[in-house]
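Student: The lines below spell out each chain.
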Amino acid sequence: MTWRPFHAVVEREMLKLARQRGRLVAQMIRPLIWLFVIGGGLGAVMSRQGMANYQAFLVPGVLGMTMLFGAMLGAFSTVYDKESGVMRLLVIAPVPHAWVVAAKIVSATALALVQGLMLLVVLAVLGYVDSQVSFALLAAGMLATSVACAATGMAVATFSGTLENYAVMMNVVIFPLFFISGALYPVEMLPQVLAVAALANPLTYGVDIMKHAMLDGRAGTFAGAELGLWRDFVAVAFFTALAAVIACVRFTRAAACEPLIHPQSRSRPRPA
Amino acid sequence: MTTAAIVAAGLTKRYGDTVAVDSLDLSIARGEFYGLLGPNGAGKTTAVHMLSTLIRPTSGEASIAGHSVLEAPVRVRGAVGVVFQEPALDMTLSAAENLRFAGLLNDMRASLIRTRTSQLLELFGLAEARDRRAGSLSGGMRRALDIARGLMHEPEVLFLDEPTIGLDVGNRRAIWRHLAALRAQMGITIVLTTHYLEEAESCDRVGFIDHGCLVREGIPARLVAEMGEYVVEIEASQPQLLAQALEARFGGVAIEGNLLAFRLDDDPARAARLQAEFGAQVRALRWRRPNLNDVFLHVVRGEGVRGGAAPRNGARAIDEAHA
Chain R
1 MTWRPFHAVV EREMLKLARQ RGRLVAQMIR PLIWLFVIGG GLGAVMSRQG
51 MANYQAFLVP GVLGMTMLFG AMLGAFSTVY DKESGVMRLL VIAPVPHAWV
101 VAAKIVSATA LALVQGLMLL VVLAVLGYVD SQVSFALLAA GMLATSVACA
151 ATGMAVATFS GTLENYAVMM NVVIFPLFFI SGALYPVEML PQVLAVAALA
201 NPLTYGVDIM KHAMLDGRAG TFAGAELGLW RDFVAVAFFT ALAAVIACVR
251 FTRAAACEPL IHPQSRSRPR PA
Chain F
1001 MTTAAIVAAG LTKRYGDTVA VDSLDLSIAR GEFYGLLGPN GAGKTTAVHM
1051 LSTLIRPTSG EASIAGHSVL EAPVRVRGAV GVVFQEPALD MTLSAAENLR
1101 FAGLLNDMRA SLIRTRTSQL LELFGLAEAR DRRAGSLSGG MRRALDIARG
1151 LMHEPEVLFL DEPTIGLDVG NRRAIWRHLA ALRAQMGITI VLTTHYLEEA
1201 ESCDRVGFID HGCLVREGIP ARLVAEMGEY VVEIEASQPQ LLAQALEARF
1251 GGVAIEGNLL AFRLDDDPAR AARLQAEFGA QVRALRWRRP NLNDVFLHVV
1301 RGEGVRGGAA PRNGARAIDE AHA
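Line order of the protein sequences matches chains R and F. The first sequence begins at 1 in this note's numbering and counts up by one. The second sequence begins at 1001 in this note's numbering and counts up by one.
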């Protein structure tokens, strides 16, 4: 087996990202809006209640959000590939289809990491990242978050036949994953049902690792990490593997790609 | 091991009650240029997709370059290049980047990708378009790029599924020039599907497929020769009346609107004399050599059996080939 097909898929995504600067800027602005507008507003409310520094708590959360969006949109490009015909190239490449799925997960992960790192730089410039942060752990957390979100996105994408589902995916998958992840509020403060949902959400664990890296040992923050690091990593690994298996099974099943491979010949009327 | 590039035995694909391809048997030699012909929806594309492992046959077996499509699909995919009906290009990438993407997917070294890219862009007249985005290329250039894409990894077998569909005459000719150059240089096995039958006349062998069945196979020149020496076409003012008069003398006369067509095996001057004989009833008269369209109408539609025939309803694509 070989790495070159991976190279091909990742390189293509990077080229496309570099050419869509608007997309990059939008991906940078969204988390900053959350941090300053939501974080600023809610933070002000909370500080009146005597709860300090909500914004600092939100920093790992918006990092997670950026990587969630980056990875999910990267994975959903699979749906776009189906419509544009590029999927046929991937399916006809002389590698097992599981490798195609793996390559797409790797490229979505890379997309998410690039965007996460860019946001990290912006945050550092703005003074939200200081030397107290455990950078090795933060890097591990960013990687874990990206991989888990990419695999989840890939699994979801294999269930989505057309681009019309795109907006639906956004609202039904990405936003709930973000809201119920501990990114905006500690999981322990959630009502029981939502807390259970949060524990079934891979993003929860990724964000928790980043909270460990950025908030551990820091005085005066609103809340810190809630789950054990060991548990976080195991959960991320579990969800990533599960999502990857689902994606592979769905992708290889003929029914998942057949109608997209020859849309025309099927709809064409047979001559009498 | 045989010398056959493609062998199919009883290859069948069913979608529910519809039989898209019905126990197809094929044997295509290495280096052969084979045309799979038939009307839209006849099963050509489904056959190509099964042979290139894109879809699994319902039953039957096929092998490409000695690799089974069922047991070694990855090897088959390494041995074939496929140019689909719809372009499989990333419109946001440049021509060269598209070829690089295809090369990497096929596990080619960067240096090899560079030389192949230059060669193929040159061969397909795209050297100038190297750094232009695929989305900004004309339909003909895109198609040429797509074929180059299918050739990046030097496949043993190239499947061309309706490569000239939707292209104007100039671009169609250009594509055929490129393919002729390609065959001369590489000696590759090519399987072409098309319903522009004139394009198939340069094939070494053609097979006619209809309703999923291979109904006739042979060398184009021989199939055409079986259709007789000449086909006479007459534009008549009273087609039924004239047809009756001609039927007795020439045998089967096909009628399409006010156009009559029949086969003539001896002196074409006999046909010319009809003009004088029937006078104003014959508004136009011409005779020509039969071609693959006549074979097609004969074997696929069962029309114009003894005479070459004009296209009938549903055969508009064939009609276009005359233009």
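Calculated directly from the structure, the hints in this document are not laboratory data. Using N, Cα and C, we set each Cβ at its ideal position, and we do this for glycine too. There could be a bad hint or two in this list.
Per label pair, the in silico range of CB-to-CB distance [stated by the list, open to error]:
1) R:41 with F:1118: 36 to 46 Å
2) F:1127 with R:139: 18 to 28 Å
3) F:1009 with R:117: 27 to 37 Å
4) F:1111 with R:199: 48 to 58 Å
Covered by chain F, according to a simulated footprint, are these stretches of chain R (three or more residues, beta-carbon under 8 Å) [said to hold, decoys possible]:
5) 4-11
6) 105-115
7) 173-185
8) 224-232
Student: Now look at each hint and say whether the structure bears it out.
Tutor: Hint check results:
Taken as a hint, the range 36 to 46 Å is violated for the pair residue 41 (chain R) and residue 1118 (chain F), whose Cβ atoms sit roughly 58 Å apart. The supplied range of 18 to 28 Å is broken by residue 1127 (chain F) and residue 139 (chain R), whose beta-carbon atoms lie about 45 Å from each other. At about 55 Å, the beta-carbon gap between residue 1009 (chain F) and residue 117 (chain R) misses the expected band of 27 to 37 Å. Between residue 1111 (chain F) and residue 199 (chain R) the Cβ separation comes to about 51 Å, which falls inside the hinted range of 48 to 58 Å.
Remark: the segment 4-11 of chain R is confirmed as covered by chain F, as 6 of its residues place a Cβ nearer than 8 Å to a Cβ of that chain, reaching the required three. For the segment 105-115 of chain R, the assignment as covered by chain F is violated, since 0 residues bring a beta-carbon within under 8 Å of that chain's beta-carbons and 3 are needed. As drawn, the segment 173-185 of chain R meets chain F at 0 residues by the rule of a beta-carbon pair under 8 Å; below three, the given contact is violated. Figure legend: the segment 224-232 of chain R, annotated as covered by chain F; annotation inconsistent (0 residues with Cβ-Cβ distances under 8 Å, at least 3 required).
Figure legend: structure checked against the earlier numbered hints; hints not met, in rising order: 1, 2, 3, 6, 7 and 8.
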